[in-house]
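Chemist: Now for the letters of each chain:
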Amino acid sequence: MLKIDIDEIDRTDCGNQIHQLIQELFPICRSITGDGVRETLSIIKKHISLDICEVPTGTQAFDWVVPQEWNIKDAYIIGPNGEKILDFKNSNLHVVNYSTAINQTMSLDELKGHIHTLPDAPDWIPYRTSYYNPGWGFCMTHKQFLMLEDGNYEVVIDSEHSDGSLTYGEFFIPGSTKDEILIFSHCCHPSLCNDNLSGVAIATFLANLMQTKESRYSYRFVFSPASIGSITWMSENEHKLANIKHGLVIAVAGDNGHMTYKKTKAENAELDIAVQVVLQQKGLEFDILDFSPWGYDERQFNSPGINLSVGRLTRTPNGCFPEYHTSADNLDFVKANALADSYATYLDVFNVLDNNYTFINQSPKCEPQLGKRGLYRKTGGHKDVGKRELAMLWVMNMSDGSQSLLDIADKSKLDFDVLVRAAADLLDCDLLAIA
Amino acid sequence: MLKIDIDEIDRTDCGNQIHQLIQELFPICRSITGDGVRETLSIIKKHISLDICEVPTGTQAFDWVVPQEWNIKDAYIIGPNGEKILDFKNSNLHVVNYSTAINQTMSLDELKGHIHTLPDAPDWIPYRTSYYNPGWGFCMTHKQFLMLEDGNYEVVIDSEHSDGSLTYGEFFIPGSTKDEILIFSHCCHPSLCNDNLSGVAIATFLANLMQTKESRYSYRFVFSPASIGSITWMSENEHKLANIKHGLVIAVAGDNGHMTYKKTKAENAELDIAVQVVLQQKGLEFDILDFSPWGYDERQFNSPGINLSVGRLTRTPNGCFPEYHTSADNLDFVKANALADSYATYLDVFNVLDNNYTFINQSPKCEPQLGKRGLYRKTGGHKDVGKRELAMLWVMNMSDGSQSLLDIADKSKLDFDVLVRAAADLLDCDLLAIA
Amino acid sequence: MLKIDIDEIDRTDCGNQIHQLIQELFPICRSITGDGVRETLSIIKKHISLDICEVPTGTQAFDWVVPQEWNIKDAYIIGPNGEKILDFKNSNLHVVNYSTAINQTMSLDELKGHIHTLPDAPDWIPYRTSYYNPGWGFCMTHKQFLMLEDGNYEVVIDSEHSDGSLTYGEFFIPGSTKDEILIFSHCCHPSLCNDNLSGVAIATFLANLMQTKESRYSYRFVFSPASIGSITWMSENEHKLANIKHGLVIAVAGDNGHMTYKKTKAENAELDIAVQVVLQQKGLEFDILDFSPWGYDERQFNSPGINLSVGRLTRTPNGCFPEYHTSADNLDFVKANALADSYATYLDVFNVLDNNYTFINQSPKCEPQLGKRGLYRKTGGHKDVGKRELAMLWVMNMSDGSQSLLDIADKSKLDFDVLVRAAADLLDCDLLAIA
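Residue numbers (this note's numbering), protein chains in the order written: chain A, 3 to 437; chain B, 3 to 437; chain C, 3 to 437.
Each hint should be verified, as a subset may be incorrect.
A pair counts as met if it fits within one copy or between any two copies, since identical chains are not told apart.
Straight-line alpha carbon distances no greater than 20 Å define the calculated EDC-like cross-link-like pairs of lysine to aspartate or glutamate that follow [said to hold, decoys possible]:
1) Lys180 / Glu56
2) Lys367 / Glu325
3) Lys145 / Glu112
4) Lys389 / Asp292
5) Lys180 / Asp409
6) Lys215 / Asp160
7) Lys180 / Asp160
8) Lys413 / Glu269
Just so you know, these hints were derived from the structure itself, not from any lab.
Here the structure is a predicted model, which is why all the values come from computation and not from measurement.
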């Protein structure tokens, strides 16, 4: 049985290490293709021996085609008085991601048709993309936008679209069975910390730890661009999907909000119950969302032709915090303690899934005599029963081969940990067998 | 796909027309058999080309036998002082429906044993029947009853029971499939407007409109007496029942109360969900009742040997408004705007049922690329997704051949209309096929 | 059909008789084996012709072995000043049940390691046992404990463990079918009234009455020690288990609290619904508990290799009243009126189970004409329908061979009694047949 002692994690140290990796990845300008993703994966590779795969532009990926690579060297706007009023070097969010190149002088009016701002958050730069609709644009604070003066602007985006490839990274840890747990983190967003350097960095540290553990499940970590990236990964690796029993999209895991789980399409899958048990037993506030085909890559994994049991475990979900997809999702916004707490929670989900066995009671006619095996207290007549004895009674009573420990936890309202220990004791004296 | 634009209905005009038909039908003295039903059906026939069927007295109808015809020419009571104190010509409710003939002078005491009143509503005449228990009686206001003076009364009911037939009307509109929707309205009550000239008149106008529409379902409208009438219709037309997929009893649809749906016996039939979706999307108050074997003819349609999926959609249901089965259920009690609103609601139920297809996603592995088909907005990075795009994502995600659009509406909480439009767009570009 | 008229029970007389039997049984020192149980069963045998069975020490009973007999003649403690400060003759709770013999003088300190008290209830003597852990001990009030003076104590327990047998009693009443209802009461507790002389005495009177009734079910009453007793009974009588369709553990049925039903493991068994219907129709407060593998012998009956549909019907359950397992659970604590009320409730459960037939409507196409069979009122047009007619309509509508009267009660919200009478009437005129 997998045993990761969540309470033994040094959360300060662990949170700081994760935050440090985020700092290292923050400045890189990522997109759905191009050198930004490559550079990101090569940094991850310093922690875990990632397989980095390149899928050529033009490759069919189910209904999609791998697009051209986009790389950008520079971008800026020079105002009527000759000053550089916007510079890609200050923030890669300033350029609409995947913009075509431009080098032109134009009137303010013409320029304005290409500028995106957030009137409701006038100090923040929005993050915008234009992946499948060739065009160019800039993003700036609304404050700056309001102060733009009439006149001619020199507008430069030194970007290039060219045949190349889409890049993803994969890391596999074999378990004692071929059943797999998939961990997916999207790595296509530029300088945005919570979405999703938090997920990328935590997944790196999870992989790092899990390769040192013995577990029933194999673990497959995938780092790829969102949407076209996960679609391409599935299309290229369709033969691997059959072994995936459970999957988690790990994202938005560094803000101060509470944890939020979005269920699989089935909504009562083993994973759904496991995550809810973990969140309940943490004793902190949390939210459970029903599945919907909108959000991150769980959409793709839960499509009807793929149908993997993949949920999404985040802190405050996408779109639900004001800093989402803005320059305010920065290095200050993600906190070491929140990152460490998310990390520990993911590990606990692994714990629960790995230990969620189904047993068959080997002495099923009435209760067996626990006392003669040293498993029961010595005097009788007391008002109630100890938690450990009660856990053994529940496990014995429900273990007819159709109920897993999670089912027993749900029914008995006992902590999963207590049930795991009770089951281990009963297994030791042959009162249980694995179904 | 059926498309009736509910918002385009001219409710004033439509409500007035329905009310006018009710006015024309109001004076007729109907019963379970006899000329009153015949005259009623012949008036309906001026609007739709109704088949009028006569089933002879004595015909076996399952456990029942078609009873004799009842016809009445006159009825009155002459008081001790020689004045006519009650006259059938003023209200056909004055005579207990199906009364045997009488022509006799009797004491007040003897007469009182045959008089029905409503002590709690002393100004109203009750409606009473004596179908399967030969006898006679009068109904009057309780006020009048209290003022009856001692003495002899001349009591006349000039009615006749004779072999003849039971009469019903049927109107069939073929659709593109042989699957049928049954609309049933009982037409046996004398001068009572809400129960059920409202249902009879609305059904007439529904039939009139539906014969001009192309729809998947065929529609069968039946106008017949309640209980023995519906039983006789089923007994005579047993071969037609297999094609009936859904049915609605239309009644009590003209009062000012909100709409009330009584579910089919299954309680989660497609019809049950369709009606609830329609009522929810109207945005007005409504009630949902569980099935019970008491009420109108839904009792018969849902009997265990018939088992049709028939619900009942009314406004304030039978027995739940004080004017029910009294002279106060008159021409003032039913309102043109309520009649029009009910009419529009029934049509919307037809809309939903007709468009409730089940689809199979033709590109089920991950989401298809909607953008290249012009079905998706152009820039990315926004906080949320448009309703139309979301509807397409839901339809694609759930269309594995097991989920209808109503199932998708229930799950997604999106409006049925929006889903129908999304499905039509996806169908157009071959991303869906009808299951 | 079984017909016990609950309202005709003379509750004063009946409650007094049950209380008298409890008084007679109270002084006996029972244990899981030994003469106390034997004497108890021989007193019950004065009321019903009980079969008394002896199972020898050493007999294998599933995972257990029948233990030695324990018999005790005397026990006391003589204090430093030569006075007898504790005497078994005053209360058999003073000795830890199943204590080994001792006859020794010891210091207060040594003695204290063997004394059990209730600091929170300083006037009461606790009940403690030491069945499977050889040792000895005394129980006393905490008040007395605090006043023990230093010095030497003469400690005597004149008990004996010896090969012998475990004793249980069984009483069988054949019904018209071989399907059985099992009634189980544990009889191993010494002078404790609510737990469980109340159950033992009530079961005796139930058996006494039921042997005079004609019923569909056979009834099997078992009086045995708890745990090892029920386990031994099942082990010795495994061939009888297949006929047991429902079972009730009867215990703790004499206090003033309201009734509490603990469901079978299935939690929606016919028995579970029957008991809930009975408790609802009593109109008094009651509690329903989910199954858990802790409590009385329902644990054993619901173990996965036995899987009998056995629930537990008590008043305030074990462990939930302060007097539980203390000297305060005495003759004053159980009340004649509560005992009579429990007695009547158990009988009503028998009533409901026995009458819970499933029928098939013999005239299933539409409603049959009840009027021609004298089963329907004579005038029509009324606002609502009588309870009796409504019950007939529900029974006719739902009797397709898959729904029992309890299912119909649940759906219709009608009283079970009313449905039974309606079904009897319909059966009489061949409109129903038993499925």
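Chemist: All hints, please: hold or fail.
Modeler: How the hints compare with the structure:
{"no.": "1", "hint": "Lys180 / Glu56", "verdict": "neither (26 Å within a copy, 55 Å between copies)"}
{"no.": "2", "hint": "Lys367 / Glu325", "verdict": "neither (60 Å within a copy, 33 Å between copies)"}
{"no.": "3", "hint": "Lys145 / Glu112", "verdict": "within (19 Å within a copy, 85 Å between copies)"}
{"no.": "4", "hint": "Lys389 / Asp292", "verdict": "between (33 Å within a copy, 18 Å between copies)"}
{"no.": "5", "hint": "Lys180 / Asp409", "verdict": "neither (23 Å within a copy, 36 Å between copies)"}
{"no.": "6", "hint": "Lys215 / Asp160", "verdict": "neither (47 Å within a copy, 59 Å between copies)"}
{"no.": "7", "hint": "Lys180 / Asp160", "verdict": "neither (47 Å within a copy, 64 Å between copies)"}
{"no.": "8", "hint": "Lys413 / Glu269", "verdict": "both (18 Å within a copy, 12 Å between copies)"}
The structure fails to meet hints 1, 2, 5, 6 and 7 from the earlier list, while all remaining hints are met.
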